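Chains as they are written, first to last, in the numbering used here: chain A, 1 to 246; chain B, 247 to 779.
No lab work stands behind these hints: they were computed from the structure.
Since the structure is predicted, the reported quantities are computational estimates derived from the model, not experimental observations.
It is possible that part of the hints are untrue.
[To be verified] Under the rule of at most 30 Å between Cα atoms (straight-line distance), these lysine-lysine pairs were calculated in the DSS-like manner:
hint	chain 1	residue 1	chain 2	residue 2
1	B	633	A	73
2	B	639	B	700
3	B	280	B	633
4	B	684	A	219
5	B	639	A	78
6	A	78	B	280
[Unchecked claim] Covered stretches of chain A (in silico footprint by chain B; criterion: 3 or more residues with CB under 8 Å from a CB of chain B, positions within the stretch not fixed):
hint	segment
7	26 to 33
8	63 to 76
9	96 to 109
Idealized CB from N, CA, C, for every residue including glycine.
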Amino acid sequence: MNNILSNRIRQGYRTVEFPSDNIQLPEAYRGRPILNPNASDEDVQKVASLCPADAINPDERTLDMGKCLFCGKCQSIKQNFIRFTRDYRMFVLKREDLIIKDTLKEPDTSSLKTIKKLFGKSVYMREVCAGGCNACDADINVLNTPVYDLSRFGIKFVASPRHADGLVVTGPITKNMELALMKTYDATPSPKFVVAVGTCAISGGIFRENEEVVGGVDKILPVDLYIPGCPPHPFTNLYAFVKFFK
Amino acid sequence: MGLLKIENGVAVNIEDIPLLTFDEFKDKILKFTKTGYVVQHFAVPCYGIKGDTTNNKNNNENNNKNKTSYKIYTVLRNDGGLYVISTIVGNSYESLSQYDIKFHMFEREIAEQFGIVPKNHPWLKPVRYHKNYTGNPDVFGNDYTMPIPGNYPFYEVEGEEIHQVAVGPVHAGIIEPGHFRFNCIGETILNLEIQHGYQHRGIEKQLITCKKKILPPLIESVAGDTVIGNSICFSEAIEGLCDYVANEPLLNYRRLLLEIERIANHIGTLGGLAGDVGYLPTASYYGRIRGDFLNMFVFICGNRFGRSSVQPFGVPFKLSDSHIVELIRRFEKLKKEVIDVGNLMLDNPEVLGRFDYTGMVDTETAKLIGLVGPAGRASGIEYDVRKSFSKAKNIYDRGIELVVRKDGAVSSRAKTYFYETLDSIEFCMGLLKVSDLKINSNNNSSNNNGNSKKLEEITLKPNSFIITMEEAWRGELSHCIITDENGNIIRYKIKDPSFHNWTALELAVRNEGIYDFPLCNKSFNLSYCGFDL
Ligand code: SF4
Ligand code: SF4
Numbered sequence: 001m002n003n004i005l006s007n008r009i010r011q012g013y014r015t016v017e018f019p020s021d022n023i024q025l026p027e028a029y030r031g032r033p034i035l036n037p038n039a040s041d042e043d044v045q046k047v048a049s050l051c052p053a054d055a056i057n058p059d060e061r062t063l064d065m066g067k068c069l070f071c072g073k074c075q076s077i078k079q080n081f082i083r084f085t086r087d088y089r090m091f092v093l094k095r096e097d098l099i100i101k102d103t104l105k106e107p108d109t110s111s112l113k114t115i116k117k118l119f120g121k122s123v124y125m126r127e128v129c130a131g132g133c134n135a136c137d138a139d140i141n142v143l144n145t146p147v148y149d150l151s152r153f154g155i156k157f158v159a160s161p162r163h164a165d166g167l168v169v170t171g172p173i174t175k176n177m178e179l180a181l182m183k184t185y186d187a188t189p190s191p192k193f194v195v196a197v198g199t200c201a202i203s204g205g206i207f208r209e210n211e212e213v214v215g216g217v218d219k220i221l222p223v224d225l226y227i228p229g230c231p232p233h234p235f236t237n238l239y240a241f242v243k244f245f246k
Numbered sequence: 247m248g249l250l251k252i253e254n255g256v257a258v259n260i261e262d263i264p265l266l267t268f269d270e271f272k273d274k275i276l277k278f279t280k281t282g283y284v285v286q287h288f289a290v291p292c293y294g295i296k297g298d299t300t301n302n303k304n305n306n307e308n309n310n311k312n313k314t315s316y317k318i319y320t321v322l323r324n325d326g327g328l329y330v331i332s333t334i335v336g337n338s339y340e341s342l343s344q345y346d347i348k349f350h351m352f353e354r355e356i357a358e359q360f361g362i363v364p365k366n367h368p369w370l371k372p373v374r375y376h377k378n379y380t381g382n383p384d385v386f387g388n389d390y391t392m393p394i395p396g397n398y399p400f401y402e403v404e405g406e407e408i409h410q411v412a413v414g415p416v417h418a419g420i421i422e423p424g425h426f427r428f429n430c431i432g433e434t435i436l437n438l439e440i441q442h443g444y445q446h447r448g449i450e451k452q453l454i455t456c457k458k459k460i461l462p463p464l465i466e467s468v469a470g471d472t473v474i475g476n477s478i479c480f481s482e483a484i485e486g487l488c489d490y491v492a493n494e495p496l497l498n499y500r501r502l503l504l505e506i507e508r509i510a511n512h513i514g515t516l517g518g519l520a521g522d523v524g525y526l527p528t529a530s531y532y533g534r535i536r537g538d539f540l541n542m543f544v545f546i547c548g549n550r551f552g553r554s555s556v557q558p559f560g561v562p563f564k565l566s567d568s569h570i571v572e573l574i575r576r577f578e579k580l581k582k583e584v585i586d587v588g589n590l591m592l593d594n595p596e597v598l599g600r601f602d603y604t605g606m607v608d609t610e611t612a613k614l615i616g617l618v619g620p621a622g623r624a625s626g627i628e629y630d631v632r633k634s635f636s637k638a639k640n641i642y643d644r645g646i647e648l649v650v651r652k653d654g655a656v657s658s659r660a661k662t663y664f665y666e667t668l669d670s671i672e673f674c675m676g677l678l679k680v681s682d683l684k685i686n687s688n689n690n691s692s693n694n695n696g697n698s699k700k701l702e703e704i705t706l707k708p709n710s711f712i713i714t715m716e717e718a719w720r721g722e723l724s725h726c727i728i729t730d731e732n733g734n735i736i737r738y739k740i741k742d743p744s745f746h747n748w749t750a751l752e753l754a755v756r757n758e759g760i761y762d763f764p765l766c767n768k769s770f771n772l773s774y775c776g777f778d779l
C-alpha cells in the first residue's frame, strides 16, 4: 500500500493542458502540409511521381490530404512544392476540403449547432476498426490515458453501439467487415454521427484499389468529421473532437 | 540429404532448392518436425500468381499447361539451422496436419489461397475468407459475393447445460475485429474457436502487383504495431536480393528502433493486463509510459509507430549527437519508472492471484503447436530469433539475454514481457552510449562502390528465393520473396508470429472461467491485421 501511495506521488500530474498553445511536437513530426503555388512544374511532377500514395494531382497542383500518408518521402528530395509544418490541428467536415491548393483551412464549426447542442456536454462514441493496421486504433485508445484524458471533455468511448451517440471508424472497410460495420451503425440510435479517422478510413489509403476493400467510410455511410493522418497524432484527434463537439 | 541449408537474408537460386516427389517430401519434413519447427510453408502456382494480368507474353500458354500444378516451399528450423525444401502438387495432396499439427494453419491457408485440397486435413476451414487467387473451385464451397465471415458452422458441444457465447467481430474495446465462439458449461469454457478474416485487405496479392514505390508503406501497414519488425524483414530481403550488405551502424540503428518497438508494446501489454484485473495504478502509468516510448519514435522519425524510419539501403532519418544524448536521458528516466511500476504490479498478491495458474500452456503443448516469441519462452521454449538467426545476432549477443520461464501461465508471460523490457532498455542504452550509429547519407552505400541505390530503380536477382526473419515483439516474424527470371517478385509471403500463436490462445482458455478470457487474450496480445494480411 505504501508503495502504491509513494508511486502515486512520484507519478505526479501528467495530464496536458488542452487546448493550449504550449504543445510543441518534435521537429521531425509532419503536421499540416503547405503547398507552394509558385513551385515549378518540374518540382510538382517530381513529387507527384515519387509519392507512394498518389496523393498529388500535378495538373491541378493539389494535394489530397485524405490520401497522403504523411510519410515524408517528398521531403527527402530537393523540391519547392510541398513542406510540412509541426501543426497537428487538422480536420475537415467535407471530404473535398482535404484536397488542398495551399494549405488546410480550419473549418468553421460554429455552424454545427445541432451537434453541439445535442452532444456538446456529453457524448458517447463507439469505435469500429474495419481493416486498418491497428495504429489508428491504438492512437485513439491512448486518448483514454492520463496524458490526453479525453473524458474530461465529457467525451467517452463505450462498448456497445446502443449506448453510443455516434461511430468512429478506422481502416479502409474490408468487404469482410462491411456487414458488421453497417449492423453497428444501425444499432446506434439516431440522431447519430460518423467520424472517419486516418487515411484508410477517409479514402481507402494504399488499399483503395484492392477488391477486398470498400475503400473509405463515406462510400457506404455519411461522414460528418474527417481526421487525416496515418495515423493521426492523438493531439490531432483530441483537437478535432473538442472542436467538433464543444 | 534432401534439405538445403540456407541463411537468414541470403538469397539462393530456386534451382538449388531440392525438389522432391511428394512422398519423399512428406517423409523428410515429418521426420524433421519431430524435433524441428516450421517457419514457412506456402504454395506458388507454377505459372506465377499474376495469372491473368499483364507482362507475361506466354501467359496464356503457361496458364493452360500448368493450371493445376503448384510448388510448395517449406522452410524449417532446428537448433542447427534453417533449411528449405520443395515439392510439386496438383489440385490435392495428402495433408501433413494429420501427422503433425504444426501444419494445420499453413495447409488451410494454401487451400484458401489456391484452391488446393489437403486430403484428410483434421479440420479444414477458411483462414481469412476470400476467394482464391486461381479461380479454382472454392475448397470451402463459399460464395464470396455474399458477406461471408462468421457464416460458418462453428464447433458445437452438445448437452443440456451447454451454452454458446459469440463475441465479435466488433469487440467491446477499441481493438481490431475477430470472432470468438465459446462453448461453455456454466462459466467454464470447454472450447474456444477463433475465426479471423475481418481485417483481410489483400496484402499478399497487392505486394506482387503494386508499384515498387508502394512497397515500404504497404509493409508498414501490415501491422501498425510491428512497423519496425516488418520493415526490417522487408529491407533485409530486398538487400539480400541485391547482394547489398548492411554495415554495422545500419544494423545498430535498426535494432535500436526494433527494441523501442518491443519495449513500447510489452509495456502496453503489461498495462493492459493490469487493466484486465482492475489494478489501475500500473494500467494508467504504463499507459502513459508506453506513450513516452512511442514519442521517441516521433522524436527520431516524426511518426509514433516508427513509420518511414526503416527502409532498404539506408536510413531516411539520421541520429545526431543531440538526438543520442536526449534519447539516453529519456531512457534513464524511464527505466526507473518502468521497474517501479512493473514491480508494483508483479509484487501484488491480488494481481498474482489472478495471473498465477491462469491460461496455462505447458511446454509439451507449446512444442506441439510450435509456439513462438515471449509466449513460447514463457512456456519453456528456448528460442529467440535475436539469439539464433538474426542478422544482428552479434550485436544482440552483447546485450540481450534469453528470458525463459516454464509454467506458461499468464504470470509467466507477464514476467517474460517485464524482464524482456528491462533487458531491451539496457540494450538500447548500451547501443546509444557505445555503438556506432552514424549513418552517413540518405542512401548509405559505403560498402557498395559508392553507388547509391534506390528501391524504384533496382533489379532484384532473378530466379531467387530469400527468407528473412527477426524477433518482432510478438515473436518470430518472417518474410519470403521469390523472383522470376526477370527479377520480378512473383511471391511475397509474410508470416506474423500470431499465425502460430492464435492456436495457443484457443488451448489456453480451456477449462478456465470465461471471465478470465480477456486476461488470457491480453497475455498473448496477438495481431489480427498481421494475421489477416
Ligand atoms: S508525405 Fe504525402 S505527399 Fe509526401 S510523399 Fe508521402 S504521401 Fe506523398
Ligand atoms: S491510416 Fe495508416 S495508420 Fe491508420 S489504419 Fe490506415 S495504414 Fe494504419
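Handout entry: In rising order, the numbers of the hints this structure does not comply with
Key = Violated hints (numbers, rising): 1, 4, 5, 6, 9; every other hint is consistent with the structure.
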